[in-house]
Amino acid sequence: LAMIISTWVVYDQLGFLKNKEIGFDHKNIMSIQLSTREMAGKSSILKEKLLSIPAISSVGSTSSPMGQGSPKIIMRMETPEGMIERGVNFVTCDHDFVETLDISILEGRDFTEEIKADTALGVVINETLAKRMNWENPIGKKVQIGGEEQTPARVVGLMKDYHQTGMYNPIESLMFLYRVNNRRLYAKIEGEEISEVIEATEDKWKELFPEIPFRYTFLEDDFNNQFEADERRGMIFTLFSILTIIIACLGLYGLASYTVEQRTPEIGIRKVLGANINNIIILISREFMILIGIAILIAFPVSYYFMTDFLQDYTYKAPLKITTFVLSALVTIIIALVTVGYHTYRAGKANPVNAIRNE
Numbered sequence: 001l002a003m004i005i006s007t008w009v010v011y012d013q014l015g016f017l018k019n020k021e022i023g024f025d026h027k028n029i030m031s032i033q034l035s036t037r038e039m040a041g042k043s044s045i046l047k048e049k050l051l052s053i054p055a056i057s058s059v060g061s062t063s064s065p066m067g068q069g070s071p072k073i074i075m076r077m078e079t080p081e082g083m084i085e086r087g088v089n090f091v092t093c094d095h096d097f098v099e100t101l102d103i104s105i106l107e108g109r110d111f112t113e114e115i116k117a118d119t120a121l122g123v124v125i126n127e128t129l130a131k132r133m134n135w136e137n138p139i140g141k142k143v144q145i146g147g148e149e150q151t152p153a154r155v156v157g158l159m160k161d162y163h164q165t166g167m168y169n170p171i172e173s174l175m176f177l178y179r180v181n182n183r184r185l186y187a188k189i190e191g192e193e194i195s196e197v198i199e200a201t202e203d204k205w206k207e208l209f210p211e212i213p214f215r216y217t218f219l220e221d222d223f224n225n226q227f228e229a230d231e232r233r234g235m236i237f238t239l240f241s242i243l244t245i246i247i248a249c250l251g252l253y254g255l256a257s258y259t260v261e262q263r264t265p266e267i268g269i270r271k272v273l274g275a276n277i278n279n280i281i282i283l284i285s286r287e288f289m290i291l292i293g294i295a296i297l298i299a300f301p302v303s304y305y306f307m308t309d310f311l312q313d314y315t316y317k318a319p320l321k322i323t324t325f326v327l328s329a330l331v332t333i334i335i336a337l338v339t340v341g342y343h344t345y346r347a348g349k350a351n352p353v354n355a356i357r358n359e
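Quick note on our numbering: the sequence shown kicks off at 1 and runs consecutively.
Any given hint could be a false lead.
Derived DEER-like restraints, expressed as beta-carbon distance ranges [to be verified]:
hint	residue 1	residue 2	range
1	G191	I294	58 to 64 Å
2	N225	P301	32 to 38 Å
3	R109	I334	56 to 62 Å
4	K27	I334	38 to 44 Å
5	P301	R232	23 to 29 Å
6	N169	Y305	23 to 29 Å
7	L208	D25	35 to 41 Å
8	D25	N134	42 to 48 Å
9	I212	E114	30 to 36 Å
10	I334	P301	21 to 27 Å
Worth flagging that the hints you see were computed from the coordinates, not collected in a lab. Note that CB positions come from ideal geometry on N, CA and C, so glycine has one too.
Put together the whole structure using the sequences plus the hints.
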């Protein structure tokens with residue numbers, strides 16, 4: 001029973017993480033890595049080539065892969081007491097990145113190609129950073145990147161929080177800095193002819209990098225790779241649960257066989273006196289239900305303790321639901337009743353005269 005509950009909780013937690021809102025669109029997004037600085041310098045050229053493919057609706061570039069974290073730097077941030085230093089995670093991206101990933105802008109605006117000042121004097125921050133700095137109206141706040149002699153940049157947009165560091169870590173303060181040429185391109189594909197788009201993309205790649213093999217992934221697959229450890233854990237728990245159930249059934253089968261054999265004369269007499277098979281099954285099963293009830297009383301608190309401890313390792317955790325425990329107990333009871341009932345049914349169908357004569 002404890003193994004069934006544990007397995008259920010592991011899969012509940014995995015499903016909770018997979019279905020949690022991540023804050024950006026990762027469906028049908030092709031990810032292309034530019035592995036060297038020289039290649040990254042041509043990312044805007046590759047971007048224009050990709051946009052010539054009809055099925056690609058938008059292409060954005062960034063320095064940090066989605067869901068895999070971002071670097072941190074010390075910046076000087078505006079406060080009522082003046083400019084103070086704060087460590088802030090940052091991502092460089094171009095003016096189409098937010099649109100391609102469908103990241104929500106809550107206030108202000110995204111970067112735009114038309115406003116050249118965005119290159120050095122505009123930043124976009126997330127909700128967590130605004131709350132951390134107590135900025136009720138963050139648009140226009142000053143941010144100094146580098147020494148005091150540097151011209152301060154200003155916040156031009158406030159974006160909705162999204163999971164840049166994946167689903168196993170809390171959302172951190174994050175700032176977007178504008179840069180055109182970055183090492184990763186994300187291309188949004190419209191339609192279902194994915195294989196044709198991949199072939200067309202490879203052709204465009206070879207035009208620019210003929211000596212370098214074309215490699216790509218899809219953002220959804222990249223993002224879901226973080227769940228591999230929990231998926232393996234769930235599989236291990238499932239295998240152990242199946243093994244535990246088989247062992248328990250064998251033990252219960254043996255105990256039921258012994259009990260029925262010991263009570264065969266009694267069963268025969270009860271049948272002669274008018275008892276039907278259902279009465280006999282209830283009679284024999286009642287003793288086993290008492291044992292199962294004791295097992296439930298032990299398994300529930302033990303499972304709750306260990307699963308609560310297990311969930312402490314997660315930043316975002318699925319609640320332990322009473323239905324998980326109740327349904328696990330029902331599964332256990334059904335397995336026990338089927339195992340015991342099979343033996344009891346066979347004994348109940350036997351000729352009672354033979355049982356009494358043998359006694």
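- Item | Numbered hints the structure breaks, given as an ascending list | 7 and 8
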